[in-house]
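A.B. asks: Next come the chains, spelled out residue by residue.
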Amino acid sequence: MPLTSQEIQKIASLAKLDLSSGQEEKMLQQINAFFEIVEQIKSVDTSSIAPLSHPLATVQEVSLRLRDDQVSETNQRELNQKSAPKLGKGLFLVPKVIES
Amino acid sequence: MQELHNMSLQGLALAIKNRTVSARETSEHFLARAKAHASLKPALNPLQTADHLTPATTSCGAFVSFNEEFTLNLADQSDQRISKGQARSLEGVPIAHKDIFVTRDFPTTAGSKMLEGYCSPFDATVVSLLQQEGMINLGKLNCDEFAMGSSNENSAWGPVKNPWDVSRVAGGSSGGSAAAVALRLCPAATGTDTGGSIRQPASFCGVTGIKPTYGRASRYGMIAYASSLDQAGPMAQSAEDCALLLSAMCGPDLDRDSTSLDVPKEDFSRHLNDSIQGLRIGLPKEFFSDGLHADVRTCIDLALDEFKALGAQLVPIELPKTELSIPVYYILAPAEASSNLSRFDGVKFGFRAKAYKDLDDLYRKTRTEGFGEEVKKRIMIGTYVLSHGYYDAYYLQAQKIRRMISNDFQEAFKTCDVIAGPVTPQVAWKLGEQINDPVANYLADIFTLPASLAGLPAMSIPCGFGASSMPVGLQMIGNYFQESKLLNAAHQFQLSTDWHKKALRGTT
Amino acid sequence: MNSPLIQGYEVVIGFETHTQLTTQSKIFSRASIAFGSEANTQACAVDLALPGTLPVMNRQAVERAIEFGLAVGAHVSPSSVFARKNYFYPDLPKGYQISQFEIPVVQGGEVEFFLGQEKKVVRLVRAHLEEDAGKSLHEDFVDQSGIDLNRAGTPLLEIVTEPDMRSSAEAVAYAKELHKIVTWIGICDGNMQEGSFRCDANVSIRRPGEPLGTRREIKNLNSFKFMQQAIDFEVLWQIEQLEEGHKIIQSTVLFNPETGETKAMRTKEDSADYRYFPDPDLPALIIEQAWVDHVRSNMAELPRAMAARFVKDYGIPEYDAITLTQTQAMSHYFEQVAKISGQAKMASNWVMGELSRRLNAAHLGFEACPLDALTLAAMLSRISDATLSNNAAKVVLEELWAKPLEGQTPLSLVDSVIELKGLKQINDTKALEQIIDTVLAANADQIEQIKAGKDKAFNALIGQVMKASQGKANPKDVNDLMRSKIAAL
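Chains as they are written, first to last, in the numbering used here: chain A, 1 to 100; chain B, 1 to 508; chain C, 1 to 489.
The shape of chain A in the complex, shown without the other chains (with noise of 0.2 Å):
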């Protein structure tokens, strides 16, 4: 089903994009054309079917492994931080939160 204007501005909201309208125009038109494809997998039955999240579950039981509670990382602030854009006194520095 075809998005509109407005559901394109709510997605790039949600994924904190900016569209310039000549941009959301053209993205408008490609996700749309896009979906046109897509649209072919609501007609098939998968009533029975249940999901594969790892590709793997189709022949072998997959489950999430669990390490013991060890402490192993040191402090590599300074590494960590080598790319980081801007810092003050070890902290991540952003424009400030509002939070009432």
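Bear in mind the hints are in silico, worked out from the structure with no lab data behind them.
Just so you know, not all the hints are guaranteed correct.
Claimed, not checked - If you only want the chain C side, here are some residues facing chain B, beta carbon under 10 Å, derived:
1) A45
2) V46
3) L48
4) P51
5) R275
6) D281
7) L282
8) I286
9) A290
10) P475
As the list claims (entries may be wrong) - A few chain B residues that don't get close to chain A, going by computed Cβ distances all over 12 Å:
11) H29
12) L40
13) A56
14) D76
15) S228
16) S275
17) A353
Ideal placement from N, C-alpha and C gives every residue a C-beta, glycine not left out.
Add chains B and C to chain A, keeping to what the hints say.
C.D. replies: Below, chains B and C without anything else, positioned relative to chain A:
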């Protein structure tokens, strides 16, 4: 002695071990070749001591970054080990890594402005494993941004041109890796395959590449595109070389990757020389439909004839859901990607927009300016299919059909040992030709997507030249954990054919 | 259920409580979760969401969830799924939180507690595992916030109730009971100042019999006092809105302790679409019955069961039993004293009363009580055999507090203190009679009034006798003797 760049991995390893040539000389040799093919738009490299490389006009755009000092240091260390008789299996043999694998000693950009100059504090597991075999890291290879694309035209560092015809695409997303091997800039390269990103560029560039069973190679340190589909794999001149590399790259990474399978490391070379007499090769009728261009079909048919001559049996099979793999993949992959890419927000690392008025604006500007168009489009698609009200109809439905596609394969494998067919419907198209018609791009993935969705091992081997004398690849798909069978079949084919040895002008 | 109405409205409250679990490392990474470290020194690559990092699950966090499920009589799901909750916020490094959505690890369960004398039961919907976010600091920076990701990845168990509560008092009582449970079984340290136990209250109002009203969620209540204040304010605010003809809009609100008011947050979390989907990096969590059984067999007796046992075995009132099972340490202490002294009710009174007072003032728990249980038991046995009066016992307690045994038996220590202080109760009736006779003689004018029923005068005479005996007279004997003597006059 052959030119270094035409030697097999084993040949190189032996020559270096026997000190016919030093590791340093080898690395210098390949570095010189590689530097002639730096990316067409240079990326910032804070680790490079020299100035930015200006790409030669004849560059195909394969390499994004170098760290000569590091590379030659590593080579020297290899030479030292050799002099002490401590050579490891691939000691001193150079390799280059797709810029989707994080590396401590080279920046990692994933082909994106979002990560320009990003320095990872750790190496990807796959990179470490290859280094532990003694391989020397030559540099990082160009790729479609965040591994999204089938032409390597989506990179912030410019496209990768197909070495066989520089007006054409190299394929994607591992275009840099394929081109580098084709041009013999390095004897081997790593790539990643999510929907065909190793197989397709391998096919377009006339090299060999393999994607293992999902979960065999660790994803730790591999920048995530679609988590349930991404897999690392090698690209090289031959199946024999790929087998060596794959054996090093695969193995459980239980401490760091929860999707890594707890299956022991395997020597994928051990069955290379088995006879393939009686091997049943399944041919899906859906892979030989009208969409397949005649020139590609001809090459595939000839290759299949060769297999028959080697004693294999061709068996007709069906993979009825083949066409559905396109919408299914293009729902699941963008959905996972849209979430995986949320971490790129200008806060902890990577690009941050210069001007913004508040937090929301910071996010929007950073992501709008940092990401390329194809990435943004897939994030939009992914966000949409996961959004409230659509999850069941799209995402959940796609996961169910995914199981059906997987079941199709299991059914097919009841009557055959491996499945064969084309990699793509056509040879490499011209640069810029399909960039405005992404849907056409998506449709061209039809043959590689099914094996990705099922998590099956699959490879591409050169099998001829099609229209405009462009390379054509034969795809082979195996059942789970059957990599050595695939490699065996490929190796036997490569023993009696020489498509994989066809060198480009100027490489011998 | 009889709910107290406020201006004719019924109050409906449900709670979501985030408890930080007592593990060493984070839920998905191997960094430490210790509180108070310098910013970003405990945020490893995985916590920072550096490209290429992946989550690996901490077994201990799962075990904590199982322990909780068993403690509240819930169903521990044999298979549960981790899902991504997608939204953008600086303290959320991946741009999504790994949580559980459709299939949580713990399902159902209930929490029982007393509100005054009335027993209440609050049903739990679920409890699920998830990771905590980092912190934003605003003070030091102009127009900017500093993000500290040390806390990002700390394991949380989010405990969700049905909207079963009907008053702020009930809600606080629930929260206190939940706090007791999680600290009792040791899955959470309960330190509310450090943010180990954070409650969100969903509050709505309706006229009795009507469907549920629109709720507003008061976030991050980390003190019981504020919880009550916040809910009370919110209820009155909602009533005022409805009375004035406005509708309540579903929103998230914050409580301001300084103004005592709740106010809607400007961030539009309410219209947020979290796009939950199963995390492809984490296969399903399988919990075998054997593991659950193993955990169950190793768990300490739970407070409710222990309280029931106290009532049955020691004959103390239910209220006492609930109070004594506030913490494991307190209950163990009480039980030791009760067993050894054989005086359960007396032990209960002293433990709930004098000892709790002293320990609270010193900010200590019963595990660190300066008065050894055996010594207290000895003292109680001296009260029960009338050597010591209750009042005199308080003096003895003061003396015994923090006094080491030094090779003596508890009983001999107690006796030595009684001897030292000369507090031995006068039980000798002859001696008592003498004192009473003296007092009566000195107050002959009061006798007629006492006979007429004036209790105040009677008590005054008792007081004089106690004073004359330096508090050592057995008060009961004094009382009885005084009465019979006056009656005979």
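A.B. asks: Look at each hint and say if it fits the structure.
C.D. replies: Status of the hints after comparison with the structure:
1. A45: Constraint on A45 (chain C) satisfied, holds at 6 Å.
2. V46: For V46 (chain C), the interface hint holds, since the closest Cβ of chain B sits about 9 Å away, which is under 10 Å.
3. L48: holds, 5 Å
4. P51: holds, 4 Å
5. R275: holds, 4 Å
6. D281: Constraint on D281 (chain C) satisfied, holds at 5 Å.
7. L282: holds, 5 Å
8. I286: Hint violated; I286 (chain C) Cβ to chain B Cβ min 13 Å, cut 10 Å.
9. A290: violated, 20 Å
10. P475: violated, 70 Å
11. H29: Holds, since 32 Å exceeds 12 Å.
12. L40: Correct as stated: the minimum Cβ-Cβ distance to chain A is 24 Å, above 12 Å.
13. A56: holds, 30 Å
14. D76: Non-interface label stands for D76 (chain B): nearest chain A Cβ at 25 Å, farther than 12 Å.
15. S228: Not fine: 6 Å to the nearest Cβ puts S228 (chain B) too close to chain A.
16. S275: holds, 27 Å
17. A353: violated, 9 Å
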